[in-house]
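**Q** For the record, the sequence lines run as chains E and P.
Quick note: the first sequence uses our numbering, first residue 1, plus one each step.
Quick note: the second sequence uses our numbering, first residue 1, plus one each step.
Keep in mind the hints are simulated off the structure, nothing from the lab.
Result set (EDC-like, lysine to aspartate or glutamate): computed pairs, CA atoms no more than 16 Å apart in a straight line:
id : chain 1 : residue 1 : chain 2 : residue 2
1  : P       : K112      : P       : D90
2  : P       : K81       : E       : D23
3  : E       : K112      : P       : D31
4  : P       : K81       : E       : E58
All of these numbers come straight from a predicted model, not from anything done at the bench.
There are 2 protein chains.
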Amino acid sequence: MKLLEERILKDGKILPGDVLKVDSFLNHQIDVSLINECGKEWYRLFENEGVTKILTIEASGIGIACITALNFGVPVVYAKKSKSHNIAGDCYSSKVVSYTHGHTYDVLVYKKYIEKGDRVLIIDDFLANGSALKALIAITERAGATVVGAGIAVEKVFQEGGNDIRARGYRIESLAKISSISAENGIKFCD
Amino acid sequence: MKLLEERILKDGKILPGDVLKVDSFLNHQIDVSLINECGKEWYRLFENEGVTKILTIEASGIGIACITALNFGVPVVYAKKSKSHNIAGDCYSSKVVSYTHGHTYDVLVYKKYIEKGDRVLIIDDFLANGSALKALIAITERAGATVVGAGIAVEKVFQEGGNDIRARGYRIESLAKISSISAENGIKFCD
Chain E
1 MKLLEERILK DGKILPGDVL KVDSFLNHQI DVSLINECGK EWYRLFENEG
51 VTKILTIEAS GIGIACITAL NFGVPVVYAK KSKSHNIAGD CYSSKVVSYT
101 HGHTYDVLVY KKYIEKGDRV LIIDDFLANG SALKALIAIT ERAGATVVGA
151 GIAVEKVFQE GGNDIRARGY RIESLAKISS ISAENGIKFC D
Chain P
1 MKLLEERILK DGKILPGDVL KVDSFLNHQI DVSLINECGK EWYRLFENEG
51 VTKILTIEAS GIGIACITAL NFGVPVVYAK KSKSHNIAGD CYSSKVVSYT
101 HGHTYDVLVY KKYIEKGDRV LIIDDFLANG SALKALIAIT ERAGATVVGA
151 GIAVEKVFQE GGNDIRARGY RIESLAKISS ISAENGIKFC D
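Produce the complete structure using the sequences and hints provided.
**A** Right, here's the structure in full:
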């Protein structure tokens with residue numbers, strides 16, 4: 001989506017280690033008008049999929065998911081981060097490895113909020129190694145629900161997550177697909 | 001707001017210790033249509049206040065704040081939880097005491113996202129002891145910005161936070177004001 005790519009070029013910051021920081025409009029301060037345009041685009045892409053729930057993960061996915069859900073007219077469920085293992089029977093849990101923060105944590109979803117028959121669209125701000133998206137897919141399928149696909153704001157295509165998950169047959173619609181980031185050459189998008 | 005009170009009566013659960021659980025529509029699963037009605041109501045209440053930013057706190061405030069911000073046409077900033085003290089010069093931080101979880105944590109906002117001249121509306125899902133709201137007020141005022149008020153979904157009026165903060169001169173608009181919760185008598189709202 002041109003609007004998002006242009007905003008990344010204008011306001012994204014490249015930090016040491018070729019990390020992209022977009023916290024002026026996506027995940028600390030949130031430009032809700034821009035996100036609403038993203039939500040409209042995902043609605044255009046997935047409107048015939050009979051979506052019944054939007055699933056995301058705290059914290060940075062929540063705002064994007066809620067604004068997108070308004071376009072679909074369905075509820076949001078967000079997976080909660082937990083440091084303790086919850087082995088109680090009332091939750092689905094799955095492990096996420098954060099390469100950015102160098103640790104592993106569990107995410108939880110109460111069973112009653114994703115059910116058999118649900119058609120789930122997963123929404124998140126970033127896709128890089130794919131660990132969070134894989135956890136949300138695992139939770140959805142453990143519930144007997146169907147993953148209709150994933151809407152991602154920014155995909156780092158040079159990391160393996162997106163292609164790995166696509167190869168398993170899932171549809172991923174990323175609105176900005178970054179092919180490379182470096183302090184020398186800046187941010188490049190896929191064609 | 002009748003719509004929110006009715007929903008709390010219908011779907012709120014009272015847990016041991018007279019804790020109110022509203023995670024089927026407010027803070028795990030989110031009914032975005034209901035939240036959009038809350039957002040419209042806060043817009044009606046604060047539309048003449050010249051709001052330039054909506055400030056909230058992760059994670060459960062983010063969805064409500066983003067949907068409300070669409071009504072105002074302004075950005076959201078969410079304070080991030082941090083277990084480490086950030087004493088770098090680029091953040092405002094403030095302490096929050098969580099009585100529910102029995103611990104204290106810092107919340108951080110990058111200085112560049114709340115600035116002198118901003119007119120800040122604080123949005124959050126719950127107000128009980130008021131610790132989170134006081135932290136967000138402190139951050140806003142340290143930035144030299146103005147707190148125009150707070151929009152709260154559910155206030156537990158029988159705890160001291162709301163009245164304490166109102167007594168300091170702040171406007172708080174809570175859409176459901178609970179006067180008592182008990183397993184025996186259920187949930188009672190203020191008139």
